[in-house]
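Student: Place chain B with the ligands on chain A using the hints.
If you want the building blocks of each chain, they are given just below.
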Amino acid sequence: MSIIVSLREVNKVYQTGDTSIVALDSTSLDIYSNKLTLIVGPSGSGKTTLISLIGCVVYPTSGRIFIDGQEVTGLNEKQLALVRLDKVGFVFQHFNLLQPLTALENVMQPLLLKGDDAKQAKLRAEDVLKRVNMLDRKQMLPRKLSGGQKQRVAIARALVTDAPILLCDEPTASLDAKSAGIIMSDLKVLSQEGKAVIVVTHDLRLKQYADEIIYVEEGKVSCSSNSEVLNK
Amino acid sequence: MIKTALKFMRYDKPKSIGVIVGIIISVFLIGQQLSTLFFLTNLMGGIEIHSNSNEDDIWIVDELSKNINALNPIDERLVQEVKSIEGVLEAFPVIIASAPATFKDGKTATVLLIGSQGPSFVAGPKSDVVFEGNRDELNSTGNISIEYFNERSWKTELSINETIEINKKAATVKVKTKYAQGYGGNYVYTNIDNARFYSNYPPFQINLVIVRPAKGVDIQQVIDTINGTFMGLSAWRSKDIRDITINEILVRTNTGVSFGSLVVFAIISGFFIIGLTLYSSALDRLQDYGTLKAIGATNSYVSRLILMQAVLFACIGFAIAYALLILFQKGLENVGMTLDFNGPFSLGLFIITLFMSVGGSLFAVFKIRKVEPASVF
Ligand SMILES: Nc1ncnc2c1ncn2[C@@H]1O[C@H](COP(=O)(O)OP(=O)(O)OP(=O)(O)O)[C@@H](O)[C@H]1O
Ligand SMILES: [Mg+2]
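As you go down the protein sequences, you meet chains A and B in turn.
All the letters of the first sequence, read from the start, carry residue numbers 82 to 313 under the working numbering.
All the letters of the second sequence, read from the start, carry residue numbers 433 to 809 under the working numbering.
Everything labelled a hint here was simulated from the structure, so no lab data went into it.
Predicted, not measured: the structure shown is a model, and the values here were computed from it.
Mixed in with the good hints there might be a few duds.
To be verified - Quick list of in silico lysine to any residue cross-link-like pairs, SDA-like style, CA-CA up to 20 Å:
1) B:K536 / B:W586
2) B:K439 / A:K159
3) A:K219 / A:D198
4) B:K610 / B:D568
5) B:K671 / B:K536
6) B:K558 / B:K439
7) B:K435 / A:M221
8) B:K435 / A:D198
9) B:K647 / A:M221
10) A:K159 / B:Q464
11) A:K195 / B:W586
What the hints assert, rightly or not - Have a look at the derived ranges for each label pair, beta carbon to beta carbon:
12) A:D99 / B:V689: 49 to 57 Å
13) A:N157 / B:R442: 31 to 39 Å
14) B:N686 / A:N157: 53 to 61 Å
15) B:R736 / A:R224: 48 to 56 Å
16) A:Q96 / B:G775: 32 to 40 Å
17) B:N686 / A:Q96: 36 to 44 Å
18) A:G155 / B:S701: 44 to 52 Å
19) B:A755 / A:I102: 54 to 62 Å
20) A:K200 / B:N774: 39 to 47 Å
21) B:D772 / A:R224: 43 to 51 Å
22) A:D99 / B:S701: 42 to 50 Å
23) B:N774 / A:G155: 18 to 26 Å
24) A:T100 / B:G780: 50 to 58 Å
25) A:K200 / B:E487: 43 to 51 Å
Beta carbons are placed, not taken as given, at the ideal position from N, Cα and C, and that holds for glycine.
If we strip away everything but chain A, and leave its shape as in the complex, we get:
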């Protein structure tokens, strides 16, 4: 079990006109591989801001962020894109599959972005689709898939580069209870296999899957390991 993401006194302030909104107050935290970390908190509390910082899609206003030992604060747009590609797999609430591309092509996309050759990318993508049980639908366009199926394809896309971090923003919010359960079990297995799985949610029922829980409230973060929580 090792630290894969570290935030040191990171804060994020959004400036809109004259008003500035503190979306995330000065926060220091570590996230571990091999664990499923849940981020919970009320709407507007700063969960997405936190996950965006971890996922290197926004710059912090101040503080330092380390991903897999590398400091990412201060990298330019191109370098950050490369960090995302190499280190982070994203799973979104609304799946965000590329509509014009088939399931297979969606999963191949990160590999193509890395510059892999198409033939190898295809073999690897088929491998991962098989793992999420979607190989038989690889030629289908996203709009023909059910919600749970889309999310499985999205997870395959997040896994295909074997990135150490899996960031999931409300991965079950658009799914029914049964599909949500399947997705969460899948994510749990992935964390047990060594990935740092980070899940943002409103849904407190997901606590049963968590190893660590991060609470966010009005931009302030408090952490606890799930065993402590359950023991309380």
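Tutor: Below, chain B with the ligands without anything else, positioned relative to chain A:
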């Protein structure tokens, strides 16, 4: 990337068809206007183009004459004087003059007599436009040529050996040319004496001397000597006299401005139709481009993805427009309008297409570059 670009294009069929139709319409319009303009400029310089003068020859005209289709008279004795200039091998007198013609069926037309001495016929016709008859016969008294496409536009039937009247004097058609057309002038080739006779040209006057310099001499030096020796005359390279003629006509008749503004209008409207359609289709795919960025695509990658689509649209639209232009060309061929889609012309048209398509796509590129990867969470 090409494959991904094609998938994006195919996914949004109505807009993609919109872009392609936009390209086809503007490229077809531009190609049609430009090729017609070039056809007309060829007509304007038709006398030079269809002459047997080569590019080293020097054309001497009155210094006030800026249009080979309408030349002022000059003194015939000039020919002998020019021959004595160093570096001049030959000097040929030419008369180019218009005259009214009447055909057997009573129809009338104005013809442009172009007379130079046989058998060289330096002012034309070129042997490759001689379609019927024997050019050498034009050197005999009373013999003339007529143009196949003029005969058709006059809606009269003229066969070889038939007689027409020019300035009320009988002339015999001995040659038919094809494609020797001028700008508003119906070329009738003959020898210089016939040209003088039928146009009532004053004795001892001509209006053009074509000079053939000796091999290897400095042409510019010969031109300078002629310009320095003879007051009131101008010597031109054959290509230059064609160019000043075209310029003069384009400016005087506003042809240049009217064709030019149509082409510019087609380019601008094409640019905006293509640009706005691409922009609106990029807006539809905002989520996809944002997601691409979030999962690790750089701004340069998404920009290239859009530019690639623009290039592919340009290729498809150009191919279809070009096919339509070829059909247009074939359709006009039998009325004597020979549009020339040569290599440089086609390349230029393709570059204009790329400019409209790639230029128009920049609206979309700028929009997509501004999309925050965080926006898709
Ligand atoms: N791009 C932005 N510009 C300005 N303010 C922003 C921006 N993004 C977020 N905020 C503000 O920062 C605060 C935290 O937002 P954030 O999206 O992180 O909340 P959240 O916990 O994810 O909420 P939800 O559960 O509704 O998704 C909110 O007050 C929000 O209005
Ligand atoms: Mg959120």
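Student: Now, for every hint given, state plainly whether the structure supports it.
Tutor: Status of each hint after checking the structure:
no.	hint	verdict
1	B:K536 / B:W586	holds (12 Å)
2	B:K439 / A:K159	violated (25 Å)
3	A:K219 / A:D198	holds (19 Å)
4	B:K610 / B:D568	holds (17 Å)
5	B:K671 / B:K536	violated (38 Å)
6	B:K558 / B:K439	violated (55 Å)
7	B:K435 / A:M221	holds (16 Å)
8	B:K435 / A:D198	holds (13 Å)
9	B:K647 / A:M221	violated (75 Å)
10	A:K159 / B:Q464	violated (45 Å)
11	A:K195 / B:W586	violated (71 Å)
12	A:D99 / B:V689: 49 to 57 Å	holds (54 Å)
13	A:N157 / B:R442: 31 to 39 Å	holds (34 Å)
14	B:N686 / A:N157: 53 to 61 Å	holds (55 Å)
15	B:R736 / A:R224: 48 to 56 Å	violated (26 Å)
16	A:Q96 / B:G775: 32 to 40 Å	violated (57 Å)
17	B:N686 / A:Q96: 36 to 44 Å	violated (57 Å)
18	A:G155 / B:S701: 44 to 52 Å	holds (47 Å)
19	B:A755 / A:I102: 54 to 62 Å	holds (58 Å)
20	A:K200 / B:N774: 39 to 47 Å	holds (42 Å)
21	B:D772 / A:R224: 43 to 51 Å	holds (49 Å)
22	A:D99 / B:S701: 42 to 50 Å	holds (43 Å)
23	B:N774 / A:G155: 18 to 26 Å	violated (56 Å)
24	A:T100 / B:G780: 50 to 58 Å	holds (55 Å)
25	A:K200 / B:E487: 43 to 51 Å	violated (57 Å)
Hint compliance for this structure: hints 2, 5, 6, 9, 10, 11, 15, 16, 17, 23, 25 are broken, all remaining hints hold.
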